[in-house]
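**Q** So the chains spell out like this:
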Amino acid sequence: MNPVSIIQSIPSHVSRIGVIALHAFTQLVRMKVFYFLAFFAVILIASNFFNLPQHEGPEAAGVNILRSIKSWSLGAMTLFSVVLSIVATALLLPKDVEDRTLYTILAKPVPRIDYLAGKLLGVLLLVFISLLIMNLLMTGILQIRTNLLVTDQVAMAESRGWPAEDIALLKNDILAQGPTFSLQGAVFSVFLRATIIASMALLISTFSSSTLFTTIIAFLIYFIGHFQADARAAYFADQAGTSDGWISKLITLLIALVLPDFQLFNVIDAVIEGQVMPLFILGKLTLIGLFYVVFYILASWFVFAEKEF
Amino acid sequence: MRIAQWKKHVIVGIGLLAMGALRLPFERQLTVELDEERLLPPKLEIMTGEKIGQTFSAVSLGGLRTLVATFLNLRAFSYFSEQQWANVDETFNMIVDLAPRTRYYWDTGSWHQAYNAASYYLYESDLPPLRRKLAWRESIEKGRDFLERGIRNNPKDPFLRERLGVLLSDSNKIAAFGDPAKSYQEAYDSYMDAVETGNARGYAKRAALYSLARVPGREKEALELALEIKDEQGRAMPTMLGLLYTLGFHQDPDQPVLELIDSIFPSREVAYEILGTQWLRTRDRFPVHGIAKALARLEKLLNVPEEKSILKQTPQAPMDPDDYFSRER
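Just so you know, the protein sequences line up as chains A and B, in that order.
Taking my numbering, the leading residue of the first sequence gets 1045, the next gets one more, and so forth.
Taking my numbering, the leading residue of the second sequence gets 27, the next gets one more, and so forth.
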């Protein structure tokens, strides 16, 4: 195959991937996963409108409610995206085998990489749309609540005769806890993490024999992936001469090399606490996310390419 | 050529290792950068992990630390309502371990100990006086310790430094810290540290002055600071006017009192009101150099009847825990 024909075949690949992705998306929507959004809306409304007991010190500006909305929302987004990415991806291939859809598709001139990429894209589309809706809900409510808080607090400060600079500081303090660019970055990092998990689950499902196996292994890897950075640090600490022995060194190296570092995407907590996420950090997280996804898709294709059903 | 499935698995394994080797330096560097930007959550204390139990695994999954902290904050509220101060303390220690960059938790945790628990031991507890006194002192120290830890975790936050200044110079708490002069000195340092962050409220510098003015031997510096603030802020609060007088008098006790009063206060009536209040506020331990002399002159000039003389009123005694806790209830 020469380069010209490869380039010429790109539109047909894209179109096939698009059709399979839409099919996978529809398949998942029919499983009523969007019901979770109703649950999310209830959580959001509860965290915003129900008067949960709060300790407010004499100088508190009432910003804790904004932090509560963010932590409830991003916590729900994290849980939803992780569970959906693993379960939906683990389900797709076995379900196609069970329904015999897979045989119909593979009997046609559909390259297997198009099939895998389409399926993964379907799952990611679902996660993306869900996160988008959740994000819009969260940002909307956060904006309304922030505006109310700013109005209240500025009125209070003016009635007490605060100087203009102090009022500006108070306002900035409240706005930093409202909807910010960093908050959008945090939501995007939730999506990036879901993307890596889904593509990793796809790789596992290409050689696993059941949905349950894929789900359990993917959750285990996700869990251990949060300690990958610790293993890496331990390996490099060993290199610095504090070695406990070559076995521990080998184990930490293997964990560091094989497992993804999910700790990198834990910027959410810091953003909820009001830290600013610079754009270059988001860019680097996106790069590392893409690197994982491309590798996992290629590896999945390699395993799946000549697999017989 | 077909490759056997097991061989494919081996190749994928090798690919994973190679991919790991490629990304390792990048991820390592990114971790350092995230750490520098304070975007990575600090490691949990083992004790916190044990205490939050099953939730610990959920917390480890990431993105849920602040959510768990929110839940624990609700739990702490129940303990607060039931006045279980040891549980409030323990819960807030877990909360700040989970969310160490949230100023609110440090502030609230300290407030519960230094103000709410301390007031409970002061007024409501059924413990014997000596135990109550000890618990009162310990609660205030815990509140202070909490704020100091908060400051170490959030060095650029002016608010927590201001709160520490407030606590250290609080007339009702200062007896718990031992030497009041040392406490006012530390309060001054804390307020000035807040000012140096560049984001402190205008109040912080004035509060620093109010603390410094109460440190014996630093009157000259306090006067310089008072004049600096007056120039910067273009206005002077009543307490500051009173301090400008007493600190100015301390500099030169032989100067004519009325001239000094006229150079500081907008009118002699205002001077009488402000200096009179300062004279009676003995609980706040503000300096009173030359106030008696000024009040005597002003009362004569303003024709204040002798029976209404401020100098004849009994000022409130400073808060003395030894005296307070030995009283019969």
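If you are wondering where the hints come from, they were derived from the structure by calculation, not from laboratory data.
Please note that a few of the clues may not be correct.
As the list claims (entries may be wrong) - Cross-link-like lysine-lysine pairs, in silico, DSS-like; alpha carbons within 27 Å at most:
1) A:1351 with B:231
2) B:33 with B:69
3) B:231 with B:182
4) B:246 with B:338
5) B:69 with A:1293
6) B:182 with B:159
7) B:231 with B:159
8) B:34 with A:1152
9) B:69 with B:182
10) B:34 with B:69
11) B:256 with B:208
12) A:1328 with A:1139
13) A:1139 with B:231
14) B:319 with B:338
15) A:1351 with A:1152
16) A:1152 with A:1139
17) B:319 with A:1215
18) B:326 with B:338
19) B:256 with B:246
20) B:246 with B:231
21) A:1351 with B:33
22) A:1215 with B:246
23) A:1139 with A:1076
24) B:69 with A:1215
25) B:231 with B:256
26) B:231 with A:1328
27) B:256 with B:338
Because the structure is a prediction, the values reported are computed rather than measured.
**Q** Quick one: which hint numbers does this structure break? Sort them smallest to largest.
**A** Hints 1, 2, 4, 6, 7, 10, 12, 13, 17, 22, 24, 26 and 27 are the ones this structure does not satisfy, whereas the remaining hints hold.
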